[in-house]
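When you get a sec, could you build the whole thing from the sequences and use the hints?
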Amino acid sequence: MSIDYLSLMVVLPIMASIFLLVLTSRLSEGARRKFDSSIRMASLGITLVMFAVATLMFFGEIGNVDWTGIAFNNFEFKESYVWIEPLGIEWSVGVDGLSFPMVWLTTLLLPITIIATWNEKAGATYFPLILMMGGALIGVFVALDMFMFYVFWELTLIPMFFLILKWGGKDRKYAAQKFFIYTFTASVVMLLGLFTMYFLMDTQTFSMVDMVTEANGANGNGVWLGLEVQKALFIMLMLGFLVKLPAAPFHTWLPDAHVQAPTGGSMLLAGVMLKMGAYGMFRLPISLFPHALEEFRFIIMLIGLISLVWGAIVCLGQTNLKKMVAYSSVSHMGVILLGIASMQPLGWAAALFMMFAHGIISPMLFAVCGAFKHHYHSMEIGAMRGMAKHSPWLATSMMFGWMASLGLPLLAGFVAELMLMVAYWHAYGWWILLPGLVLALTAAYYLWSMQRTIFEGGDETQPPESLHGEPVPDIANSEKLAMLLLAGFTILFGIMPWIFLDMMDIWTQNAMKFLGFGA
Amino acid sequence: MTANTFDMDLIQTLGPELTVFVGLLLIMIVPNLGNGKFRIPGTQIQLPWFLGGTRYKAVSSPRLPGLLAVLTMLLALIQVVWYLLDSSSVSEEVTSENGYQILKVNLFSRLFEGIFFAALLLAALASLDRLPTGSMKSDDIDVLFNNRRQADFYILMLTSALGMSVVALAQDLFVLFIGLELASFSTYVLVAFHKETRAGSEGGAKYFIVGSVASAVGLYGLSMLYLWAGSLQFSVLAATWAADGATSLSMMALGFVLVGFAFKISAAPFHFAAPDAYSGANSPVAGVLATASKAMGMLGLMRLLLLITIPDAAEDGSAVWIGLLGVMAAVTMTWGNIAALGSENPKRMLAYSSVAHAGYMLAALTAIGAWNWGLVENAGDAKDVVVAALLFHMVVLVFFKLGAFLVLGLLEMEGGASRLSSLSGLGKREPLLAVAMFLFMISLAGVPPMAGFLSKLLVIMGIVEVATGSGSLDSLMDAHWVWWLALLMVLNSAISMFYYLRVGVVMYFHEPEEGRQGPLASGVSIRLAIAICAIGTVAFGLVGGELIELCRDAAQSLG
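Residue numbers (the working numbering), protein chains in the order written: chain A, 1 to 519; chain B, 1001 to 1559.
Quick caveat, the hints were computed from the structure, so don't treat them as lab data.
Here the structure is a predicted model, which means the values were calculated and not measured.
Note that CB positions come from ideal geometry on N, CA and C, so glycine has one too.
Heads up, none of these hints are tricks.
Listed below are the simulated DSBU-like cross-link pairs for lysine-lysine, each with C-alpha atoms no more than 35 Å apart in a straight line:
(1) 1428(B) <-> 166(A)
(2) 173(A) <-> 1428(B)
(3) 170(A) <-> 1428(B)
(4) 1428(B) <-> 121(A)
(5) 170(A) <-> 34(A)
Sample of chain A residues with no beta-carbon within 12 Å of chain B, all distances over it, derived:
(6) 12
(7) 44
(8) 78
(9) 209
(10) 220
(11) 249
(12) 345
(13) 374
(14) 390
Written out as structure tokens, the structure is:
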């Protein structure tokens, strides 16, 4: 009997999380604190098991899958169970070259997040929420049923809402509600689009696989559902994903959410949750409405460009470290849109790899911000000088993160950016100057802020005033471990990008062929 | 199968209703049992009469009427559920001797009875703790909490149950109206029964005045319908409508009757009394108003609009009322949500959210009417799908709407839940209760995987199905205009997110108010009721398939 690993990876963490939360819910705050460490260990254990399973899947030890041999719209580890029979809704899971890297990334980030925020207060509640978040995120990536997809899509909001609300900064209430409402509004519009599509289809199914089959059967000789309808549905679906991504002008929830969110929340938010948007774009609107995509490619390109430029410009004006990182995320998500709009196999693969690379690099940046906040009680870039002297670990991690983020060769981000630039050049020619300049500009700013914070000051280091003269600590061992892991993976995927790039590339090529973009 | 009035068959057919009736008699008699004697006039002979005098100790417990009521509702509910789940259940009619259909027992009406009884059962269960432990300590108020007051309260609960089940079963508009009034009058008094605050009697009075005006208008409509068709039998009215079509008389009559029901479901612009009534009533009663009473109004609307005035499947065209109803739906849902945004009183907030939900339901009804009946294959099936969505919505609404009110009810026991801030710190004070409340809130907002999401999803699906029609459109502009109702509905759910989330924020992240630390009063039965509601909210969201099937079967039997 084969085990349905994917469903287990979704259900197990959520169940464990509910169990742990209920277990300690009747206890007083003080009594609950005694359970912090055991619950943390349990959560870490569960996430490590998930990571092990995902890794074994990758190596073919489980399932013996040839990851580069998956045809478009085919899925591995596919399992379906009837869920809500009268509506034809199924619990249906599976992974392909598009979703598996994201699943693996999620399972990687979960234990790292737990390690990085090892000493988070009220751990008995915090770690289960991280677990629930993980289960819901994997649910989004493995769902092959529209209903199930939507359920997990929304379910991710709930633990994140509480993470921001309970462990967040000063304006957390505003940020948490803004975050919830922005993404919820967008996704209900998406839901309506999905329903409209459901009733316009011939087969009327919730199964994404059947949907794509029907769409492409019809798109081959004509336009499925008619161009006008396709365009309208494309807009409705894309709206949900663009807000989640987020792309300008819908990005304003992100800086608020990030600045207020606790470190662990930020790491998962930037690392995986934003990728849900990009993943959803590839999975639904792009796979279903290639004709509409062709119509809108220029607009998507513009949106991507605006996000990129706007994110970078706002980034320049920031003195708050975390806000700066948040805006750099907006910039990077713009890059993903550029990749999509290039309509080149290379560009799509670049977008996919950007999702993956940013998913490793941005958690590192946020871990640095978290450590900054944790130890120096300040996020102001100008608050301290000469960090390299008194906190070498933090300084090194920060520098490494910044370098990775601005695309230093041999690090993961560089691969994606390079591929993208090539594809973009092919598609839009001299437009490339714009993103190119912007990326150079951000690099300059990053370097400047680093220089000020880390090195300047010579022998006279200036500890942040917020410490009130106490000795300056370096980061804790658990944080060091998390940084090392993230840095290690950044280097690994910078030197050997093909580990996941191969399957992304195959997926892209198959998809392009299948969608009729002649590749 | 048919049963005649005053026949033995009747007892078998109307088991749940008779159970309620017997329970009603018991609550009237049992608490009054005492050593009262009856002196035969003109003699010294005193016969033991057992009513009045000094009450026996066993029957004078203030809890007794409540327990009786709960037991009655439970027995009635079990019979209803038995009927619903038993595949061998048959439709049965009660006719008078001259052949008039009076009542009809089928899946559809029984499902509604299930909604009514479940809501009233949960409310009665919750009230068991509430009333005797009332928050006021003053001596002259104490008298209000003795078993006489208890008996009155539960008698009214049972009469409203009886009235509602008559509405569910009625096959004749006049019978339906009698049931409606019985239930309405009981609820008017129930609202005013909340004597701990002045708002109770004020809310009761407002609700009564507006309600009786609406009833009067409805009754006027009924008389015009009678004038038009010569009968108030549903079957006759439907036949006359099919033959006559819409005349000015019948349209006007229809409009008037609509007003009566629109008040019951608190649709705009007839919703003005609702927030006052809900915030004035004690919470379990407010919960009943928002669930059972609303379902009753919806039932009336369904019977009226779908049984009588829907065009034949063979006919080409939509129902005459879709424009009116569509506007009403749009205004109701938007108004409800926007007003709820500004309410600081959680009960008023829930009242407005209930107005918004009425709007969603009206939108679904509009969609049924908007079907172009001549053009669509199997239009009847599609109608069933939407009706089933509505039924599902009303069933699960009992769990999360009533549940939310019950949580407020528990708060009321420590002295008022009229400000949002009275919920503050609930997450610390009562973690499980706060979780339950949060589940209710996100279910109301329609977040998966709660039951509220599934119900909203079914309703939107129904509307979209109508709008997209035969399945090929040139552009979305060609879709039927009800599609925009669906869009308005999803945008409205997004708006509603603000105020539902605010409850969560207040519960978890505000410090408890002065003098409101520590756990709440330990009402076992109200907590049990809340637990049932919470479990139902989650369970029907995750595995709602069976219930949807049941609702579809029930929808088919609407006829």
